[in-house]
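Make the full structure from the sequences, and use the hints.
These protein sequences, in sequence, are chains A and B.
With our numbering applied, the first sequence covers 19 to 384.
With our numbering applied, the second sequence covers 1080 to 1403.
Take the hints with a grain of salt, since some may be wrong.
Straight-line C-alpha distance at most 16 Å; calculated EDC-like pairs for lysine to aspartate or glutamate [what the hints assert, rightly or not]:
#1 B:K1311 - B:E1237
#2 B:K1392 - B:E1372
#3 A:K376 - B:D1195
#4 A:K52 - B:D1388
#5 B:K1287 - A:D342
#6 B:K1356 - B:D1388
#7 A:K52 - B:E1363
#8 A:K52 - A:E354
#9 B:K1348 - B:E1378
#10 B:K1392 - A:E183
#11 A:K53 - B:E1237
#12 A:K135 - A:E123
#13 B:K1285 - B:E1312
#14 B:K1307 - B:E1235
#15 A:K52 - B:E1372
#16 A:K53 - B:E1363
#17 A:K60 - A:E123
Per label pair, the in silico range of CB-to-CB distance [as the list claims (entries may be wrong)]:
#18 B:V1382 - A:S221: 31 to 39 Å
#19 A:K376 - B:V1382: 33 to 41 Å
#20 A:S198 - B:G1360: 46 to 54 Å
#21 B:S1252 - A:E123: 40 to 48 Å
#22 A:P337 - B:K1081: 44 to 52 Å
#23 B:K1392 - A:S221: 28 to 36 Å
#24 A:G95 - B:G1360: 29 to 37 Å
#25 A:K203 - B:E1378: 37 to 45 Å
#26 A:E354 - B:V1382: 25 to 33 Å
#27 B:R1245 - A:E354: 14 to 22 Å
#28 B:G1349 - A:L177: 30 to 38 Å
#29 A:G92 - B:E1372: 31 to 39 Å
#30 A:G314 - B:L1264: 54 to 62 Å
#31 A:A313 - B:K1311: 41 to 49 Å
Just so you know, the hints here were simulated from the structure itself, not pulled from any lab data.
By construction, the Cβ of each residue, glycine as well, lies at the ideal position given by its N, Cα and C atoms.
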Amino acid sequence: MRLTFPHMGNLHIPLKAMLQYLGADVVVPPPSSKKTLTLGVKYAPEFACMPFKLNLGNFIEARELGADTVVMAGGCGPCRFGYYAQIEHAILKDIGCDMQLIVLEPPEKHISEFILKVRQIAGTRSWWQVIQAIRFGYQKARAVDLLEIASFKARPRELVPGATELAYRQGLALIDGATSSVELKEANKKALRIISGVTQDHSRPVLKIGLIGEIYTLLEPFSNHNLERRLGSLGVEVDRSIYLSEWVNDHLFLGLIKGLRSKNEACAAAAPYLRHFVGGHGQETIGSAVNYARAGYDGVIQVFPFTCMPEIVAKSVLPGVGGDFGIPFLTLIMDEQSGEAGLLTRLEAFVDLLARRKGIEEVVNR
Amino acid sequence: MKGYLGIDVGSVSTNLVFMNEGGIIREAIYLRTQGQPIATVQRGLKELADRLPAGTQVRGVGTTGSGRHLAGIIVGADAVKNEITAHAVASLVLVPGAQTILEIGGQDSKIIILRDGVVTDFAMNTVCAAGTGSFLDQQAARLNIPIERFGEIALEAESPVRIAGRCAVFAESDMIHKQQMGCSLPDILAGLCEALVRNYLNNVGKGKEILSPVVFQGGVAANVGMIKAFEKELGLPVQVPSYFDVMGAVGAGLLAREAATKNGRSYFKGFGVAEAKFKAGSFECPGCPNMCEVVEITEGDLVLARWGDRCGKWSNQLSKEKVS
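Rendered as C-alpha cells:
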C-alpha cells in the first residue's frame, strides 16, 4: 500500500510525518502546478471548485509516481467538500487510475473516533504508537505554522528582497527532515533562528492585513497566486484566520489542546451578524473579520474559490461588518485564471488605500 | 513649456495626457490599443511630440492601466501606479468635492468612494467582465452600429426592454431573443444600458454609500445612454468631467509630478522612443511544471524587462527597479 494525499499548503509535512511514523509508504505528490490544474480541469466536472480540480490533479500525478491509495478528508454539511472524496475516487476509476480510498471523516463527538480511523491505516501497530504518530504529526503542524507566522512578520521588513522566502524554505526543509520529537524540537529552534537572522528594518512603517476566507485557497499558495508573499513585498504584515494546527485541534481533536485560537471564538464574534453554521468556514470568516477589526488591523482580505457557497454567504454579510467597524475589506475570488495583472492591481490599490488612510504614504511610494 | 506626461494603457484604449507644471491639461490623446500596446504608446508619443511646441520639456512621466508596467519600461516612467489610485487622484483635482466615482473601462469596472478628499473605499468587478466596455463594444459590433452612436440611439427608446444583466452570455441570448420578438433597436439598447447599470450597482457598488457629487468616468461615460440609465437608477445627477475618457492618464501625470519632484529628476527616455524598435516576446520556462509564460521586452539586443515567472528566476536577473 503506497499512500498519497492532496496538497494544501504545508499539509504534506505533518501528514507525511504522521503516516511515516506508522511505517506507511508515502508518496507526496509533486507541488501543485499548472500541470496539476490542467489535469484536474480536464477530468473534473466543470462546475466543481478549484480545490477539487487540484486534488484530482495531485492524485493523478502521485499515481504516476507509484501511489495506489488515496487518503482524503471527508466532511458533511452545506459545503460540497464532503462528497469530494467519493467523486474523486469515481473519476479516478473512470479514467483508469483505479486507486484505493481511505476517507478520514472528522470526528463528531470525541477524538477517539479519529484515532480509530488512523488505526485502519496503521495495520498492526499498537494504540500507543497510533497516538504517538498523531501527536508527532500535530507537533510538525504547529512547528510549520510558527515558522510561517515568523515569515509573515519578517517579509515586509526585509532589507534584501526575497531573503525571507529563502530562509522560510530552509526552515521548512529542516522541519520536514526531522524524524523524531527530539529532532523536531531542535529543527524548530534552528528554523526560527534562520528566520530571525533575516536582516530587517524595524523602523519601516508596515500595514497589517488579516486574511480570511475558505481554507484551501487560504493555505495553498498556488491557488491564491502567492498572496502572502505578494502582500509582504508590498510592505504588508499578514495574519491568517486559519492555520493548520488550529484547524487540526478544532476539527480532529475537537479542541483538546488548550491555548490555541479556536473556531468557537470566531463563531462567538460572528454572532451579531451570522448565528448559524453556513458550511465550510463561512461563519468563521465573519467572526475573524470582526476579531481583526477589534485587534486594530488596517484591512481584511477575503479569499475563496469561484462558486464557494459558504463564502458567498459570508461575502454578502461582510459589508455590514466593514461599516460597523470602519475597516476596509477586499474580496478575491480564485479560479483557473493565470493572468496576475488584475490581482496585482487590486492588491496595490487596496494597499494604497490603507496606507493613505493611515497616513503612511512612504509604504506605497517605496 | 515644461510639464508632465501621463499614459494610461488599457485593454481597449491608450490615452496620453500632457499637463503643464500647474496641472492644467494641454494635450490629450485617445487611441485604440487594438491589442498592440507598444506600438500604440509609440504612436501616441509621436502624435504628442508633433502637437507640442518645439522645446517642450518633459519633467516627469507616469503610467497606469493594465499595461502600465510595459509602458513604464518603454518610456522610462517615474511613477507606475494602479488605475484606482490614478483615477482617484485625477477626480479630486478635476471635480473638487467628488464623493463617488463610477468608473467603467474596457475590461473592468470600479467604484471609488471618497470622503473629504481621501479614498475611503473601493470595489472592482471580480471574475466576470459582464457590464464593461468590451461587452458593449462587442454588442455594438454584433448589431452593426458604431459604438460612438450607441448612446444616442439608446436615448430614442420609448420603453426599454428588460434584459438579464448578470452574465454577458445570458445578456446576449436575452438580447437576441428580444430582437427576434421584434423589439426596436433603441428599446433594446436602452434596456441593455439599464441592465448593465443594475448589474454594476448590485455587483460592484454593493453595500457602498453613493453620495452626490457622483462622477462617472472611463470610456463608457461617453455613452449618453449609460449616463441616463445611471441617473434613473440612482435618482441623483451624474457628472461627467470633460476629460472623462483620459482620467487615468491625468492621474498618472499628477502622480508623475509627485514622484519626479520627490526624486528631483526624471527617468523619461525622450520622445525618441517612438522610433525605437521594441520587441515583446514570450517563452515557456522549462524549469518546473508551472511552465510559466515569461514575457521579455527587448530593445535591440538589450533585455529591458521580464515578468510572468512565479519564482522570480528570470525577473530577478534584471535590476529590481526596472521590474517593479
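Worksheet item: Can you list which hints this structure breaks, lowest number first?
Response: 6, 11, 17, 24, 25
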